[in-house]
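Novice: Residue numbering for the sequence shown follows full-length UniProt numbering, starting at 1 and increasing by one per position.
Note that these hints are calculated values from the structure, not bench results. Wrong hints could be hidden among the right ones.
[To be verified] Straight line, CA to CA, 25 Å or less: simulated SDA-like cross-link-like pairs of lysine to any residue:
{"#": "1", "residue 1": "K122", "residue 2": "R86"}
{"#": "2", "residue 1": "K132", "residue 2": "R62"}
{"#": "3", "residue 1": "K132", "residue 2": "D97"}
{"#": "4", "residue 1": "K122", "residue 2": "R62"}
[Said to hold, decoys possible] So the derived label-pair ranges between C-beta atoms look like this:
{"#": "5", "residue 1": "T6", "residue 2": "D129", "range": "38 to 48 Å"}
{"#": "6", "residue 1": "I45", "residue 2": "E131", "range": "22 to 32 Å"}
{"#": "7", "residue 1": "A130", "residue 2": "D78", "range": "13 to 23 Å"}
Note that the structure is predicted; figures quoted are calculated from it, not measured. Ideal Cβ positions, reconstructed from N, Cα and C, are used throughout, including at glycine.
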Amino acid sequence: MADAHTFSDRYRQGMVTRRAVLGDSHVDRASSGATAFDQPFQELITEAAWGTVWSRPGWTMRERSIVTIALLAALGHDEEVAMHVRATVNTGASREDIAEALLHVAIYAGVPAANRAIRIAKHVFEDMDAEKAA
1 MADAHTFSDR YRQGMVTRRA VLGDSHVDRA SSGATAFDQP FQELITEAAW
51 GTVWSRPGWT MRERSIVTIA LLAALGHDEE VAMHVRATVN TGASREDIAE
101 ALLHVAIYAG VPAANRAIRI AKHVFEDMDA EKAA
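Starting from the given sequences, assemble the full structure and let the hints guide the process.
Specialist: And the structure:
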């Protein structure tokens, strides 16, 4: 694993954005669990997804969040859907935004994909509400 000082500017920006969206605890868990096997993957997603795509100007975090959830739902990436629904507390995407995005998923990617994602989102929202109430 590379020392922090050897990481590129894009990696460092990616880590800032990744932490802003997913939260420190999630990123810390992913980083601390990295091994020699998956460290290159962690660096790739930090630079490419977070340092390049999520850090671009033009769209807000809210807009990127909505599009990401729709794409992940359409592709059936359930764990990632749940993670990004949870991240909406940091991106500003509302539950109404997500519901609208999943209606688009139903039409353009299929009802089963949207149905599965809606179940996941409802479960995540229930968990988030329970955490807030505790």
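Novice: All the hints need checking, so say for each whether the structure fits it.
Specialist: The hints, checked one at a time:
A distance of roughly 11 Å separates the Cα atoms of K122 and R86; the hinted pair therefore holds under the 25 Å criterion. Our distance criterion of 25 Å between C-alpha atoms is met by K132 and R62, whose separation comes to about 21 Å. As the CA atoms of K132 and D97 are separated by approximately 20 Å, the hinted pair is consistent with the 25 Å bound. At most 25 Å may separate the alpha-carbon atoms for a hinted pair to count; K122 and R62 meet this at roughly 19 Å.
For the pair T6 and D129, the beta carbons lie near 42 Å from each other, so the given range of 38 to 48 Å is met. Range check, I45 to E131: Cβ separation about 26 Å, and the 22 to 32 Å hint holds. For A130 paired with D78, a C-beta distance near 20 Å keeps the hint of 13 to 23 Å intact.
This entry satisfies every hint, going by the numbered hints stated previously.
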